[in-house]
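Colleague: Here the protein sequences come in this chain order: A and B. In terms of this note's numbering, the first sequence opens at residue 1 and continues consecutively. In terms of this note's numbering, the second sequence opens at residue 228 and continues consecutively.
Fair warning: there could be bad hints in the mix.
Far from chain A, by Cβ distances over 10 Å, these chain B residues were calculated [said to hold, decoys possible]:
id, residue
1, Lys264
2, Gly276
3, Pro285
4, Ala320
5, Asp327
6, Pro335
7, Ala339
8, Gln356
9, Asn376
10, Arg382
Cβ-Cβ distance ranges computed for the label pairs, FRET-style [to be verified]:
id, chain 1, residue 1, chain 2, residue 2, range
11, A, Gly145, B, Asp296, 26 to 36 Å
12, B, Glu263, A, Asp48, 45 to 55 Å
13, A, Ile196, B, Asp342, 36 to 46 Å
14, B, Arg299, A, Gly210, 20 to 30 Å
15, B, Gly258, A, Asn4, 56 to 66 Å
16, B, Lys291, A, Lys49, 39 to 49 Å
17, A, Arg214, B, Asp394, 19 to 29 Å
18, B, Lys283, A, Pro223, 32 to 42 Å
What the hints contain is simulated information worked out from the structure, not anything from laboratory work. Glycine residues also receive a C-beta, built at the ideal position from the N, C-alpha and C atoms.
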Amino acid sequence: MNRNTVIISGSPKAPGKAASDFLAKITAEVFQEDGSQPRVISVRRTLDKKYTEQAFQEMASADALVIIFPLYIFCLPGITMRFLQMYKAYLDAHPEAKKDMSVYAVVNCGFPEPQINLEAVQVVCRFASAIGAGFRFGVMIGGGGMLNVPLRSAKKKLEEYRAAARQIKTDFAEGNRNRKDHILIHSPAARKWYFILGNIGWSMQARKFGNKKRDLYAKPYQPAQNT
Amino acid sequence: MQAYILLDGEYATPRLEKLDELVKRVLGQKGFMITEKRLTPQELDFCRGCFGCWVKTPGECVIKDSMADINRAMMNSDVAVYLTPVVFGQFSANMKNALDRWIPNILPFFIARADGSTMHPARYEKNPQFVMIGYGDGLTDEDRELFVNITTKHRSNGAVLFYDGDDQATEKALDAVSLRRTEGEV
Ligand SMILES: Cc1cc2nc3c(=O)[nH]c(=O)nc-3n(C[C@H](O)[C@H](O)[C@H](O)COP(=O)(O)O)c2cc1C
């Protein structure tokens, strides 16, 4: 039986800069361990270069879709939604392309608590049911931006992700018989440190653009009566 | 009193038109001046996750399109009403682009909410009250529950309601929402 996997990286960041791209790469490596050749599709590149028709054909021929993206305001980013809406429209226009497939979600967020990704995972579940596919489970990652920093704690979390990706692979290979819970991966840094380091990080980034910490509090749209 | 209505021209169904009429009538009766923005299909570029609005040009998105006018008008309003299609249980892509690109109006720093969860502080002392009105054909209970959780579980100043063609029910629900600027957390 043909077992095609398509991994989708849904971050809007410039290609290669996103935690989602990094996670997509690791996921592909895990699938390659068994000699399979998953296809990785970057949503941003596909939309920018207008390769959607080709991407949608590949997605429609997949047996498993692993949809990886960042959490934006507690749900999917606009760009990822655009892509999934377009894919649904493509399937509506090509009903013969609809087939059974397993869908997995991998969501990383900026805040340290991974459980806030739950609603985004549930949106992917609603998407799967809208395209007639079977949703399996999600991997929810806190402090996603820290995953590829060269720290021992980050490396440990990365190994946790690799293990989660193996669970996706095994679940898919075994034909998805058992119900599976979502997998949570906590931030590599303790919450207190995460706040301290994060807040220093913003001021350091601002400095690169010639801004001081106090400049970050600008109020360009301050209305007269809003004081 | 000023109200700002944002709606998705990409999903301009007869139901949206009815809803739009209803909301404008109710707000008008309450004495609001109304500004309305109908997003054309794919009018707004998507947020590119660069955080330029926090560290490069604080408070303003680096992408130059109509989002700057939308943000300015919203921050000058007492209430911001989103008439949004509910797709897969969340905001449609067009509306989500507008929401993602609202983040210039908050600060980058991490702080803890009263319940211990993480949040970003507001940039302005006062913010419009957000009202999200979801619509769509054949919305299931699951869609509704998910949309409610997305819009209310992690924020302090959002009200959410649905429109399924019953004007009276929506009018009553809208009556129950405080339509005043909020202070503090968003
Ligand atoms: C517009 C916008 C909205 C965001 N909303 C959230 C959020 O609601 N919760 C959160 O924890 N992180 C949020 N983030 C942070 C991203 O989820 C985080 O930076 C993530 O690691 C980015 O992943 P990526 O590199 O794959 O794009 C937001 C970022 C942006 C740009």
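Colleague: Each hint: holds or not?
Modeller: We went through each hint and held it up to the structure:
1. Lys264: With a cut-off of 10 Å, B:Lys264 remains clear of chain A, as the shortest Cβ separation is near 15 Å.
2. Gly276: violated (5 Å)
3. Pro285: violated (4 Å)
4. Ala320: violated (4 Å)
5. Asp327: violated (5 Å)
6. Pro335: violated (4 Å)
7. Ala339: violated (8 Å)
8. Gln356: Its Cβ never comes within 10 Å of chain A, the nearest being 13 Å, so this holds.
9. Asn376: violated (5 Å)
10. Arg382: violated (8 Å)
11. A:Gly145 - B:Asp296: 26 to 36 Å: For B:Asp296 against A:Gly145, whose Cβ atoms are near 31 Å apart, the range 26 to 36 Å holds.
12. B:Glu263 - A:Asp48: 45 to 55 Å: violated (31 Å)
13. A:Ile196 - B:Asp342: 36 to 46 Å: Check failed, 21 Å falls outside 36 to 46 Å.
14. B:Arg299 - A:Gly210: 20 to 30 Å: holds (24 Å)
15. B:Gly258 - A:Asn4: 56 to 66 Å: For B:Gly258 and A:Asn4 the Cβ distance comes to about 59 Å; the hint holds.
16. B:Lys291 - A:Lys49: 39 to 49 Å: violated (22 Å)
17. A:Arg214 - B:Asp394: 19 to 29 Å: Cβ of A:Arg214 to Cβ of B:Asp394: about 49 Å, so the range 19 to 29 Å is violated.
18. B:Lys283 - A:Pro223: 32 to 42 Å: Violated: the Cβ-Cβ distance is about 23 Å, outside 32 to 42 Å.
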